[in-house]
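**Q** Residue-level listing of the chains:
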Amino acid sequence: MKTALITGANKGIGFETAKQLLQKGFYVYIGSRNLENGLQAVEKLKAINLTNVEAIQIDVTDDNSVKNARTEIGKKTDILDVLINNAGINGGVPNTALEARTDQFLAAFNTNVFGVARVTQAFIDLLKKSPEPRIVMVSSSVGSLTLQSDPNWLAYNFAKYAVYGSSKAALNMFTIHLAYELRDTAFKVNAVCPGYTKTDFTNHNGGEVEEAAKRIVKYALLDKDGVSGKFISEETNPTTGEIAW
Amino acid sequence: MKTVLITGANKGIGFETAKQLAQLGYFVYLGSRDKAKGLDAINKLKDAGISNVELIELDVTDINSIKQAKQELETKIEVLDVLINNAGISGERPQNASGIELENVRKVFETNFFGVIQTTQQFMSLLKKSDGPRIVNVSSDLGSLTSHSNPDWEFYDFKLTAYCSSKAALNAFTVMLAYEFKDTNFKVNSINPGYTETDFNQHRGTKSVAQSASLIVKYATLENNGPTGKFYSEEGETAW
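As given, the protein sequences belong to chains C and H, one line each in that order.
In terms of the working numbering, the first sequence opens at residue 669 and continues consecutively.
In terms of the working numbering, the second sequence opens at residue 5 and continues consecutively.
The following block holds chain H by itself, in its conformation from the complex (with noise of 0.2 Å):
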């Protein structure tokens, strides 16, 4: 049986993650921060039939707690398949360029960016114990240099300056991390679930959470021939 650790899984895009990703099939590990709402989640799940599922607490921003999961899910598996990425903030707001407070915007990276690279650092290992890792770091049209240069885009004033910044620094680790695997079966891509009802925007989102879901599963479980380091959304290849 394939394995996935999705970070921040308790809820929302990540919550649902998992769960289609159990109906496939894979044994899915739902990283939460919160043991009690991580476990509220694992028996959410398992209410649904759903029994392939397990909770390893983890905290993205703290390194030990990384560890701790890495050592605790060492104990259960050799092989992880996939690592999503999905832990993500969005900050206090208001994040203008000019006024926005540093304290927020360092926040914001912890979880966004720096809590991704040593998450994949530390899991490394595992995944490369498999014949097709998979690596999908939810990241965020927001975080596209090149939408948020165009004035007739849709969302061209959700000029979020944490937020933003710390997506495309995040898209800049997958085109790093893909560069070093490409002579080998790793497939790592960015991917933008678009805007979806989760209390990332107090629902406000136009996209439901399985139709997010099911983008992510779909980078996934890539084949082998699939792509990586790349940038995608519903709609196909987003510019950087």
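Next up, chain C with everything else stripped away, as it sits in the complex (with noise of 0.2 Å):
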């Protein structure tokens, strides 16, 4: 049985991507931040039969959380085959360039860039063992510079949140390089923006997040021919998915 860790699967995008990646058969590591949420997500899933999944406590942002994780995993199975860095902050307002304070800047690095590249160099041993390890990271097209500069991108004028926006840019560079350093294995690992969905992220508004998951799950699941190192919007562009950075 293949095995996936999702981070901030709690609820929301992850807790619908952790769903799908158990429908087709995974066992899943439901990560969260707060260990008793957790566990109501994995009772949900147990509720409607989906039973191969368990809850392990993961701050991010939080380098002995991130450890005793990986140790408890360890124990658990000797390979992972898919990491999903889904936790992520949005940075709250202001969240202009001139107003945003430095600790709101602070606080989305620490959970958006350099959270994953904690959790992702913890569990890069574990992935390796795999034959076909999968990384996705969780970004978004607001962290597209290339759409950000176009006047004629549909949400130039309402998606400039510069705090998040940043963040998933340097979260964008994390993966090329990440996608680099592992090109000759067996590794597929890219930033796949889920679109704009209705979660607590955005109050509610947007798509499915039975769709937003969907993407996921593909760049997940992809087969030894599939693409690495690439920024993907199933939501910008529907024909190949992928956007420029």
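One thing to keep in mind: the hints can contain errors.
Looking from chain C toward chain H, a few residues come up when the C-beta cut is under 10 Å (computed) [unchecked claim]:
(1) Thr764
(2) Ala768
(3) Lys828
(4) Lys836
(5) Ala838
(6) Leu839
(7) Phe842
(8) His845
(9) Glu849
(10) Trp913
Residues of chain H clear of chain C, computed beta-carbon distances all greater than 12 Å [to be verified]:
(11) Gln27
(12) Lys41
(13) Ile54
(14) Glu58
With a Cα cut of at most 20 Å, we get these calculated SDA-like pairs of lysine to any residue [unchecked claim]:
(15) C:Lys714 / C:Asn702
(16) H:Lys163 / H:Ala243
(17) H:Lys163 / C:Gln789
(18) H:Lys186 / C:Pro819
(19) C:Lys828 / C:Thr904
(20) C:Lys828 / H:Glu184
(21) C:Lys796 / H:Asn100
(22) H:Lys186 / C:Phe826
(23) H:Lys111 / C:Ala775
(24) C:Lys886 / C:Pro799
(25) C:Lys743 / C:Glu722
(26) C:Lys828 / C:Gly874
(27) C:Lys735 / H:Arg110
(28) C:Lys866 / C:Glu902
(29) H:Lys71 / C:Leu766
(30) H:Lys111 / C:Thr770
(31) H:Lys111 / C:Asn778
(32) C:Lys679 / C:Thr719
(33) H:Lys211 / H:Phe159
(34) C:Lys828 / H:Lys186
(35) H:Lys163 / C:Asp852
(36) C:Lys679 / C:Leu703
(37) H:Lys186 / C:Thr814
(38) H:Lys15 / H:Lys211
(39) H:Lys6 / H:Ser55
It is worth saying that the hints were derived from the structure and are not from the lab.
Don't be surprised by glycine CBs; every beta carbon is placed ideally from N, CA and C.
From these two lone chains plus the hints, build me the complex, please.
**A** Structure follows, in structure tokens:
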């Protein structure tokens, strides 16, 4: 049975992604900063007969928490096939370049960039044991500098989230570098935008979580000919999914 | 006389930029973290007959230092025309994505990204008083996500995770800031000076500091119809 770890999986797109991977036969570790919330998510899944699932406490901003999560998962499995770096924060308000406070930038980068690097580094050894390891970085088209510079982009005027957008641009660079480092291996590492989705993150505006999770699952299940080091937003480009950085 | 503040101006490209702008008639405040090194730089310029320069002690990673620098500058001038966010560090090596120490990543971001933001925000009130405010964020083509995805690019293997992602984030800040000012005379651009012979690369760079500084000067002295929110190298516009 293939295994997957999803950070921030107790709710929203992370939770729905867990559900879909379970339905595809994966064993899923639900990463949650708060164990209680993680356990509740597991109960919800078990209630619909998805039983190959358990909760793992993981706060991506905390070295010890990530180390403990790695130790715990290491006791249960020798191989991790899929890592989905889904945990993220939007950085709060104000979110303009001039008004956002440095502590907002720090907090967002701690979770969205340094946190992803920390988790990825901690689990890379288990991933390397998989015959086809997959890493999905949950990114956002808001992190596309090309789109943000294009006055014709649909979200040009209302997605100028300076904190969130710059954190995703940095995450994208980390994605490219990791994919580069692993380019001669079976790894596939991509940055995937789930699209504007109805979650707590967006005050429940946007598309359905099922659709968003489907976009992530697709890149968690790439076959050996799949892409790596790409930036995917099917919302922006329904044809190939690939979008400009 | 137009005024300019350059961070990290005691040496390298920052110093040379200070020199060129002073020669163009700007009054230049050389930001330097280290007072003694800053004064050395001022003395070098004065020895070369350039007197319209002054030192401002400034550590971009320290909000109190930035606030003090701003207070000091306010006693001298009412208007700041140009801010050049030049101070930057490359970080320790190695910097491969799967192994880099997170402390190293954070440190690079402190200077190259958070430092630029807090400096820009603090000096904004003085810049807003200028008829044609200019901000140059000294970036790098190593911060181009597009280039890093292109195996044919000459620096494709220069995968310095901390440095490159800090510059990608900085470029995002440039785009966001330029957007906020799109209906004003502000011009905000990210400039890639190129691979320049400085301490940064143990003087292995192939471009002279004079050449690199002149590119920064070009975007610090843009006309009001000049571009904003863009990323430029000597060869022209660079893909993000």
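**Q** For each hint, tell me whether it holds in the structure or not.
**A** Outcome of the hint check:
1. Contact between Thr764 (chain C) and chain H, as hinted, is supported at the beta carbon level, the nearest pair being about 6 Å apart and thus within 10 Å.
2. Restraint check, Ala768 (chain C) versus chain H: the minimum CB separation of about 8 Å is within 10 Å; hint holds.
3. A cut of 10 Å between beta carbons decides the hint on Lys828 (chain C): the least distance to chain H is about 5 Å, and the hint holds.
4. Taking 10 Å as the C-beta contact cut-off toward chain H, the hint placing Lys836 (chain C) at the interface holds, the least distance being around 8 Å.
5. This hint holds: Ala838 (chain C) has a C-beta 4 Å from the nearest C-beta of chain H, less than the 10 Å allowed.
6. For Leu839 (chain C), the suggested interface contact is upheld, since its CB lies about 8 Å from the closest CB of chain H, less than 10 Å.
7. Because the beta carbon of Phe842 (chain C) sits about 5 Å from the nearest beta carbon in chain H, less than 10 Å, this interface hint is met.
8. For His845 (chain C), the shortest C-beta to C-beta distance to chain H is roughly 4 Å, which falls under 10 Å, so the interface hint holds.
9. For Glu849 (chain C), the interface hint holds, since its Cβ comes within 10 Å of a Cβ in chain H; the closest pair sits about 5 Å apart.
10. For the restraint placing Trp913 (chain C) at the interface with chain H, the shortest Cβ-Cβ distance is roughly 3 Å, inside the 10 Å limit, so the hint holds.
11. With a cut of 12 Å on Cβ distances, Gln27 (chain H) stays outside the contact zone with chain C, its closest approach being about 32 Å.
12. Listed as a non-interface residue, Lys41 (chain H) keeps its Cβ farther than 12 Å from every Cβ of chain C; the least gap is roughly 25 Å.
13. The beta carbon of Ile54 (chain H) sits about 33 Å from the closest Cβ of chain C, which is more than 12 Å, so the claim that it is off the interface holds.
14. No beta-carbon of chain C is positioned within 12 Å of the beta-carbon of Glu58 (chain H); the least distance is around 27 Å.
15. Distance check on the hinted pair: Lys714 (chain C) and Asn702 (chain C) sit about 19 Å apart at the alpha-carbon level, within 20 Å; holds.
16. About 17 Å separates the Cα atoms of Lys163 (chain H) and Ala243 (chain H), which keeps this hinted pair within 20 Å; it holds.
17. For the hint linking Lys163 (chain H) to Gln789 (chain C), the alpha-carbon distance of about 16 Å falls within 20 Å, and the restraint holds.
18. With a C-alpha separation of about 11 Å, the suggested pair Lys186 (chain H) and Pro819 (chain C) falls inside the 20 Å cut-off, and the hint holds.
19. Between Lys828 (chain C) and Thr904 (chain C), the direct Cα distance comes to roughly 16 Å. Compliance with the 20 Å bound is thereby established for this hinted pair.
20. Distance hint between Lys828 (chain C) and Glu184 (chain H) is fulfilled; the C-alpha atoms sit about 9 Å from each other, no more than 20 Å.
21. For the hint linking Lys796 (chain C) to Asn100 (chain H), the alpha-carbon distance of about 16 Å falls within 20 Å, and the restraint holds.
22. For a cut-off of 20 Å, the pair hint linking Lys186 (chain H) to Phe826 (chain C) stands: about 14 Å separates their Cα positions.
23. Distance hint between Lys111 (chain H) and Ala775 (chain C) is fulfilled; the C-alpha atoms sit about 15 Å from each other, no more than 20 Å.
24. Annotation: proposed proximity of Lys886 (chain C) to Pro799 (chain C) holds, straight-line Cα distance about 18 Å (limit 20 Å).
25. Taking the CA atoms of Lys743 (chain C) and Glu722 (chain C), the gap is about 13 Å. The hint holds against a cut of 20 Å.
26. Proposed proximity of Lys828 (chain C) and Gly874 (chain C) is supported: the alpha carbons are some 17 Å apart, at most 20 Å.
27. For the proposed pair Lys735 (chain C) and Arg110 (chain H), the alpha carbon gap of about 19 Å is at most 20 Å, so the pair holds.
28. Pair hint Lys866 (chain C) plus Glu902 (chain C) holds up; C-alpha atoms about 16 Å apart against a cutoff of 20 Å.
29. For the hint linking Lys71 (chain H) to Leu766 (chain C), the alpha-carbon distance of about 16 Å falls within 20 Å, and the restraint holds.
30. For the proposed pair Lys111 (chain H) and Thr770 (chain C), the alpha carbon gap of about 15 Å is at most 20 Å, so the pair holds.
31. Pair hint Lys111 (chain H) plus Asn778 (chain C) holds up; C-alpha atoms about 12 Å apart against a cutoff of 20 Å.
32. Straight-line distance between C-alpha atoms of Lys679 (chain C) and Thr719 (chain C) comes to about 17 Å, which keeps the hinted pair within the 20 Å bound.
33. Restraint check: the Cα-Cα separation between Lys211 (chain H) and Phe159 (chain H) comes to about 15 Å, which is no more than 20 Å; the hinted pair holds.
34. A distance of roughly 13 Å separates the Cα atoms of Lys828 (chain C) and Lys186 (chain H); the hinted pair therefore holds under the 20 Å criterion.
35. Taking the CA atoms of Lys163 (chain H) and Asp852 (chain C), the gap is near 15 Å; set against the 20 Å cutoff, the hint holds.
36. At most 20 Å may separate the alpha-carbon atoms for a hinted pair to count; Lys679 (chain C) and Leu703 (chain C) meet this at roughly 12 Å.
37. For the hint linking Lys186 (chain H) to Thr814 (chain C), the alpha-carbon distance of about 16 Å falls within 20 Å, and the restraint holds.
38. At most 20 Å may separate the alpha-carbon atoms for a hinted pair to count; Lys15 (chain H) and Lys211 (chain H) meet this at roughly 16 Å.
39. Note on Lys6 (chain H) and Ser55 (chain H): the hinted pairing holds, with a Cα-Cα distance of about 14 Å set against a maximum of 20 Å.
In the structure shown, no violation is registered for any of the earlier numbered hints.
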